[in-house]
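Trainee: We have chain R; now place chain C onto it with these hints.
The residues making up each chain are set out below.
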Amino acid sequence: MSYNLKKHITILTLITLLALPLFGVLNCCSAEDTPQDTTLKFLEDVAGIDIAKYQIKTINVLDMNVGIADKSIKYVFESDGRKIEVSSLFKNDNLVWCKINNLAGSLILNVPTGNSLDSAKSLMDRYQTFSKAPYLKPIRDSLNTLTELKSITVETDNVKLEVYTEGDFSRFYWKDTVKGIEIPQKAVGLVYYNGTLRTFSDHWNCYTIGSSDVNFDREKAIQTAKELAEKYSYTIGNTVVDNFTVVDEYIIAELTMQNRGECVLYPWWEIRLPLDDIYPGYVTEIRVLMWADTGEITYVQAIGGGGGNVVVSSEETSNPTATYILPTTDALPENENNSVQNLLLVSGIVALMIAVGVTVTKVFIKKKKK
Amino acid sequence: MKKIRTAIYSFLLVLSFIFSALTIPLSTGYDLGVHDASVFYSTQYLMQPTELDEIHYALQQVRNMFSQQQIIYFLPTSPPFPLYAEPVYGHLENFEAQTTLSLLTSQIVDCEVNHEFSTVFYYGHQNMRGVGLPWPERSYGFVEQAAPDADPETVGTIWDSDIYYAPTVDNHHFIFLWTCNSGNTAGSLDPLHGMPISWTRQNLSTDGYHDPDESSYCFISFQNHSATFIENLGVPNQIYKYWMVFFYYYALQLQYSINDALDYASYAVGYDGGWSDPDNRLSGDGYPYLWYGGGNLTEGGYWGKMRIYGNGDIHLPVTRGEWVT
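Protein chains in written order, with this note's numbering: chain R, 1 to 370; chain C, 1 to 325.
Everything labelled a hint here was simulated from the structure, so no lab data went into it.
Treat the hints loosely; a few may be bogus.
Straight-line alpha carbon distances no greater than 30 Å define the calculated BS3-like cross-link-like pairs of lysine-lysine that follow [as the list claims (entries may be wrong)]:
#	chain 1	residue 1	chain 2	residue 2
1	C	K305	R	K160
2	R	K226	C	K305
3	R	K74	C	K305
4	C	K305	R	K150
This structure is a prediction, so every number in the text was calculated from the model and none was measured.
Only chain R is shown next, with the shape it has when bound in the complex (with noise of 0.2 Å):
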């Protein structure tokens, strides 16, 4: 081999290498953890729960799919008296969601309390060292411009950061967005109740955009969608409900990047059109969903709810005396109060057969013993 070509080879290697962190793909932990590693050393090194206290008590390690997740693990940890139950989810072995449910006695950690932003603040630094992905720097980042714990939300670049704080629940939630677009799933999230981390989330890298071109932009989506709600009905028993008249101020059409298949996101509409008043069955919009690439309606539904009616003022009383219907087979219908019977006589027949079959072969062997 040439030195020339050794030199390049060498050059390319040390190019590859250190490129790699960018691609994020020396995500989360080395070659070699397992799922089951990763979540230890995520509890010990990011959550800040001294892990080495506990006993782990169970483990149940499933692959299955859930949402996009392909692997779920839950942890039992006890100790002197404390227990906390850890749930994880994996896609292609990298964490991307965690709660720690704390069931009994203080959790045991190796990091100072403080209040949640400031839990959140060390919490991002160790995640950081953790994961080395590229994209949790802004996100980070975008802390530092927080003071104090209260609802807010923080733009900066392509990140959305919601602080949502209320009593003793506090959500921090960092989106991604694409020309103005929120993408709701490609998010990182952490959870904090009372202070302690509950729930933490990553999906940053679980998704890619197929395309973020509008081709059908609201005004365009918004038409169609009255256009459809023209023609829409729909029946309560024997009504036929249409001739809807939507209210065109109180139109709302919300572009949210959304998961086509496969983690591949594309534009999507979701246009609410307010109807002029309560339709049967509580119906009060009419909603349709868009692709807002393609135009496809993939929904067009008549929204109720299961509200009813308020009693102001009546002579309708409660009635603790009414007659109950004792026993329950009452209440079944005929065949089936049958059926339970028959099984039992069926089950009591096949017994008996089986008992008298064991005493004739009992006989049987005795008496060929003999």
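Mentor: Showing chain C alone in chain R's frame:
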């Protein structure tokens, strides 16, 4: 001697198969008077045909999951020998659109008297009233079976007090009412109102997900508006019915706690943050429904979210093994 032992083991094996076969679920329901109970109700009142279809399929699917839960009895041999099996839910009824006050109360009594742990699921509409209660407190009720286009004046309501006064209500450990408003309040006994307290006779935690209490009860329903099974979840190709079926799948087939089932069902329908995902329309600070203002929606916010009362860390009874005694 070896032949006799072989014959006995063969006999026991055949017997276990027969018992297993006998416990295969019946077509619509059964009550064998043992172990736990699970009862499903709904109504056709104000339902669209597609919604009725989804209710039917969902309740059938979930009922089948309940029916698959078995107690397997083992002989204490080495290795343990599975002798026979019984259904965990010895009382399993899917009444769908047969809901009446008398049926419901008789079922409550039966569950209390003959079973250890009872669950109830109801899907349909509800009513509220303020008679005898200081404003803004309300009594809550859900409707009995009625034709989809029945005259509202003819549609009966099963009120919270009807349930409370059904005798000795204390083993209904998991109640899921898919209606509007039934989750507005944990309720109170003075004066009596509210579905959670009426079903469980407990002062339940108002946040059974984040702050579960120590009880063995969990009550789930909607605060304000409830979505229909046919409504989209804000994720392509996902409707609320799928979420509900997933919820029971994780609670029963994978034996997860109620809270974990909430998370996994949410994840399964595309809320990657689980129950706490900010886009999850079932949880969080509630999903705002569109209402222009016409008609007679006179009170209550026109937004909705699911509320978890009591202890969301409880598990539904599922398949387990026991020794033959």
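Trainee: Does each hint fit the structure? Answer for all of them.
Mentor: These are the hints, each one checked on the structure:
A hinted pair counts as satisfied when its Cα atoms are at most 30 Å apart, and C/K305 with R/K160 qualifies at roughly 24 Å. At roughly 28 Å between alpha-carbon atoms, R/K226 and C/K305 fall within 30 Å of each other, so this suggested pair holds. Using a Cα cut-off of 30 Å, the hinted pair R/K74 and C/K305 holds, with the two alpha carbons roughly 28 Å apart. Using a Cα cut-off of 30 Å, the hinted pair C/K305 and R/K150 holds, with the two alpha carbons roughly 22 Å apart.
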